[in-house]
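First to last, the sequence lines map onto chains A and B. Residue numbers for the first sequence follow the UniProt record's numbering, beginning at 1 and rising by one. Residue numbers for the second sequence follow the UniProt record's numbering, beginning at 1 and rising by one.
Hints may be right or wrong, so weigh each one.
For the chain A half of the interface with chain B, some residues (derived, Cβ under 10 angstroms), not all of them [what the hints assert, rightly or not]:
(1) 129
(2) 309
(3) 310
(4) 415
(5) 492
(6) 519
Output of the computed footprint for chain A on chain B, the stretches with three or more beta carbons under 8 angstroms from beta carbons of chain A [as the list claims (entries may be wrong)]:
(7) 59-65
(8) 237-244
Hint data in this document are derived by calculation from the structure and do not stem from the laboratory. Backbone N, C-alpha and C fix where the C-beta goes; we use that ideal spot for every residue, glycine too.
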Amino acid sequence: MAEDADLRGTTTLDGFRVLWVGIKREPRVFTVATLGAVLFGVLTVADAWVLGWSTQNVLIPAFENGEIGTDLLVWVVALFMAVAILRAVGIVARRLGGGIMYYRMQSHTRRGVTRQYLSLPMEWHQRHPTGQLLSNAYSDVEAAWSPVMPLPMALGTVVMMVIAVIQMFVADVVMAIVGLLVFPAVVVANLLYQRYASPLMTRAQGLRAEVSEIAHESFDGAMVVKTLGREVEETDRFRAKAHELRDVNIRAGRIRAVFDPALASLPSLGVLVVLAVGVSRVASGATSAGDVVTVAYLLTIVSFPIRAIGWLLGEFPRSVVGYRRAKAVLDAEGNMPYGDDLLPRGEVGGALLQVEDLHYAYDTDAPLLRGVDFEVQPGRTVALVGATASGKSTLTSLLTRLVDPDSGRVRIDGHDVKGLRKGELPRDVALVPQTAFMFDDTVRDNVTLGADVSDAEVWSALRTAQADGFVAALPHGLDTQLGERGTSLSGGQRQRLSLARALVRRPRLLILDDATSAVDPEVEARILASLRDDRSDNVGDGGGASGSAASLVVVAYRKATISLADEVVHLDEGRIVGRGTHAELLVSSPAYAHLVNAYEVDADAEEAAR
Amino acid sequence: MSTTAPASGTRMDSGEDIGAIATIRLGMKYSPELREGLRFTLFLAVVASCGQIVVPIAVQQTLDRGLNGPDGPRLDFVAWMGVLAAIAIVVTSIASYAMTSRLFTVSERGLATLRTKAFRHVHDLPLLTQNTERRGALVSRVTSDVDQVSQFLVFGGLIFVVSIGQMLVATVLMLVYSWQLAAVVWLCFLPLFLSIRWFQKKLSAAYTVVRHQVGVLLGAISEPVVGAAVVRSYGVEDRTQARIDTAIQDWQDAYTHAQTYTVTSFSLGGLSAGLANAGVIVIGVLLGFAGDMTPGRVLAFAFLVTLFVGPVQMGTQILTDAQNAIASWRRVLGILETPADLIDPGPDGETLPRGPIDVRFSDVTFSYPDGPPVLRDVDLAIAAGTRVAIVGETGSGKSTFAKLLTRLMDPVDGAVLLDGVDVRRIEAASLRRSVVLVPQEGFLFDDTITANVRYGKLDATEDDIRASAVQLGIDDWLSGLPRGLQTEVGQRGESLSAGERQLVALLRAHLADPDLLVLDEATSAVDPALEMQIGRALERLMQSRTSVTIAHRLSTAENADEVIVVDKGRVVQRGPHAELVTQAGSVYSGLHRSWIAQHSHH
């Protein structure tokens, strides 16, 4: 219990710390919004004063004398309008200021968080689930700054309270003290409300996420649900969660139903007490009737906005959690150091790739690579072959320096990739990953990624990747918008665009990480053929020397892909267990033969068994 | 036999065409709970809102009779009045509790119903219709949009009704005091009332932009996360950051723009109130000269104005919030208003007998909406118990066969008949029991293998599942998994490899024990060792039922009883592999050549 209270205490403190960060970041907007709120508060009190003034100086004299000066009437209109206009200015400054500060703070944090995503090493990315990173950048940021909206109002309320309390004391000390008892009562009621309601609200927030997850998954698997006729069961699954959420919301609602009228009636009861005390004091001659009215009126004006402070504090738990999560990203350390080396400019041929004694472990108990050594001569093709989890994909991410090895080195044209200047490696080395990622952009921009490349070159790359046909059939050709992550395309089409993206850059080292796995075998065969044609063309242009074609590293399962290679590197459990041509390895290594022939061997066996 | 049906590709209804009042009416229809006890709740609301006038009355009574009465200050009167007022406050508080509590219960129940109905309806819609909406947007239509409506109903809706009531009461009271002054007050508020519609339109447009920008922002944020490897290996960090920064700025601008309208409409209310106060005093004084007015009545009127201003301010505020809520409600209702083109005949439909099914395509033509025909005049029969492979180039229309057979789509022209019955006349439950599709990508739910496999047969025991695994010859693989059947497959099954996901999908299909098995063969290359197991499992799965496979492998075509070759939407060849392969220069021999080329690199 004590621990619980402690936690709440620190949450309130931390909530103010988060707000302080925001105030320091946007001091001007904050000042404008707060001044607006103060103006609003002051003028709310002033409204009553203007009415009093008008009664005293215009209304009563006018009725008594039967005439009134036009200038006085003008004064009445001017005063009321001045108060109204100033108050409107206050509202605009407060609400627009609060809004702008809220949006700006979110923008600042999102820029910071996404910059971190772009600069933190891949290893960091691999350790954090995608869903978490997405919510860190969106909903956590939103939650973190949610108290910024009610902040000016709450501060304005504090100012208003101070003014009112002073006025109350000026009017009558005893009544003021009696009236002030309302404030702690309201604050305690608010705290009690938070205490009962916030666990339910947290629970509801979690349930909302769960409902959303079920919907997402179920709609993703719509094909399975439909073809197996499981609509009823899926609906039951969804309904169960939706009802759980409903019940929590109803419980939270009932608590609110208790506290809402309680919070509203506390000041009213306070006014009644003030009236009773006031009348007795008037009877004893200690105070005047006017002062009783003033204190009662001030009490009603001020007690309602106290809730604005409650709203502010109510946002704190969510805010603090959201801020901590976003902050964890902002504070994450680690970036990839770059050197100053440059790769030779103007080279057209393949790059020389040297891999020296690479060791790499994602977690130390299970090393993924244990001493890998090989090289790819300019213009040559090497296939990486191995069973699932033998370290092939890890190796490709080391070659393109998505991650750095624990020991050993990767050299391109003799330069250690770690010593290269930022941006040098992508100039000459292109990786085509197994899962093709598409940007929410046009086909053209997805291929060029902003590089200055002519449409003719784009089409040529698309042709080599066997993507020209379906791109030409798209409604706007190269200008077709692919939409969110290219979901309008099939997996195979995305892979081909992803390949074209690499080819258009004319890399000197091309790395294909099982990059044609979702492509129909016939189409894949054509891609491989045109890759080879391109390469032999280049060889022709270069006068027969192998130095003018790009060097190629392919990870593959299909024999046709493997057989394209000049050399095969057979990986098993992070080690090279065989090297040579496909034909040599088939003969010399039974393990290799078993691996690549598994399916055919089995089919043949069944054939024979018939 | 041939009937013409609309292509099953209706777009998802955005709901944008439903008017505000129609939205509420339609909403009530789908959530009948919202009507429950509405009158009593409204009555309670009226009682609760009376709480607001208790204190002003008490103050006025104290002044007039407790303090300034003819006998001077009267403590006993004030004490009694205080007790009465306190009782009134307690009573109205209880009414307020009952009202809020009922309101929460009714709205949450009504909206849970709406949410569930909308969810169910999404599954009743054809895949094509589902795909006309982004997945994320579809999800938000059954989640955050519903939350938005519930927030509004609970906090806004009733206050709005009560506000209107209070405005009317205040107007009536003002008319009783002085019709001239009442007219002045209404005149001062007229510009505000007239501008509300304009503000609503602007706000509605502004929030449409906001929602769009939120989508763009979410997309941009996902790029450095989901596309981390690509961004890095292509060195396009700066470009990606620029895209994100633009999205962030546009998002901020859209929100600021919308906020400007909200703020302006709100501050306009305050200006009107100031104008009304001044007007009442000035006109009151002038009326006083004419002998129609006393200072007491003018002052009383000034207080009445505040009773009028409060609800007006509240009402304007709620009307602007309502824009957002109504827009959300529309989007949820839009799902329910989207017609499900593939109508289940229900219990009136025919039931397929058990045992291998014979299939007939009767002059089937299919095209996507606004697209050229994908299949043209396909007329063929597949005998019960045979094993058929459909082959063709990518884009030849072969996958359409699978979708028509499983009634994921209906033909535009012609009919698909199973055991002689048009699929459109077969009860959906019967069709789903007898016909099972194994799609290319075996989608798995984030649960255990057991739970995933049970999608095929709900009451399957672990022993049933193990027996199925033995029959498919994949029990070795299953027992090799660290936690066996209890292995968690992760989101979308991503803890398993692509090949393993296929094995689970096959196991699921085997438990479902269909009479017609439709297989869209996976094209993705997997670890050869797994490939071998998949091949063996497929072989056994197809035994003793009719099977139609959209084939990508030579071996599948070779092992089929019959091969159907599709080219440009037509069936161009059919017969056993051995026969077709000898037809030189045919489509099939071309396909065969490329398959051979794939495997000849020994």
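Quiz item: When the nearest CB of chain B is found for residue 129 of chain A, is that gap smaller than 10 angstroms?
Solution: holds (9 angstroms)
Exercise. With a cut-off of 10 angstroms on the beta carbons, see whether residue 492 of chain A makes it to chain B.
Key: Holds, about 7 angstroms.
Quiz item: Three or more residues of the stretch 59-65 of chain B near chain A by CB distance under 8 angstroms?
Solution: n = 3 at 8 angstroms, threshold three: holds.
Quiz item: Hint check: is the beta carbon of residue 415 of chain A less than 10 angstroms from a beta carbon of chain B?
Solution: violated (16 angstroms)
Self-check item: Cut-off 10 angstroms, beta-carbon criterion: hint that residue 309 of chain A touches chain B
Solution: violated (19 angstroms)
Quiz item: Counting residues of the stretch 237-244 of chain B that have a beta-carbon nearer than 8 angstroms to any beta-carbon of chain A, does the count reach 3?
Solution: Coverage by chain A holds here, the residue count being 6 at a Cβ distance below 8 angstroms.
Quiz item: Taking 10 angstroms as the limit, does the beta-carbon of residue 310 of chain A come near enough to a beta-carbon in chain B?
Solution: violated (15 angstroms)
Quiz item: Does residue 519 of chain A pass the interface check with chain B, least Cβ-Cβ distance below 10 angstroms?
Solution: holds (7 angstroms)
The structure fails to meet hints 2, 3 and 4 from the earlier list, while all remaining hints are met.
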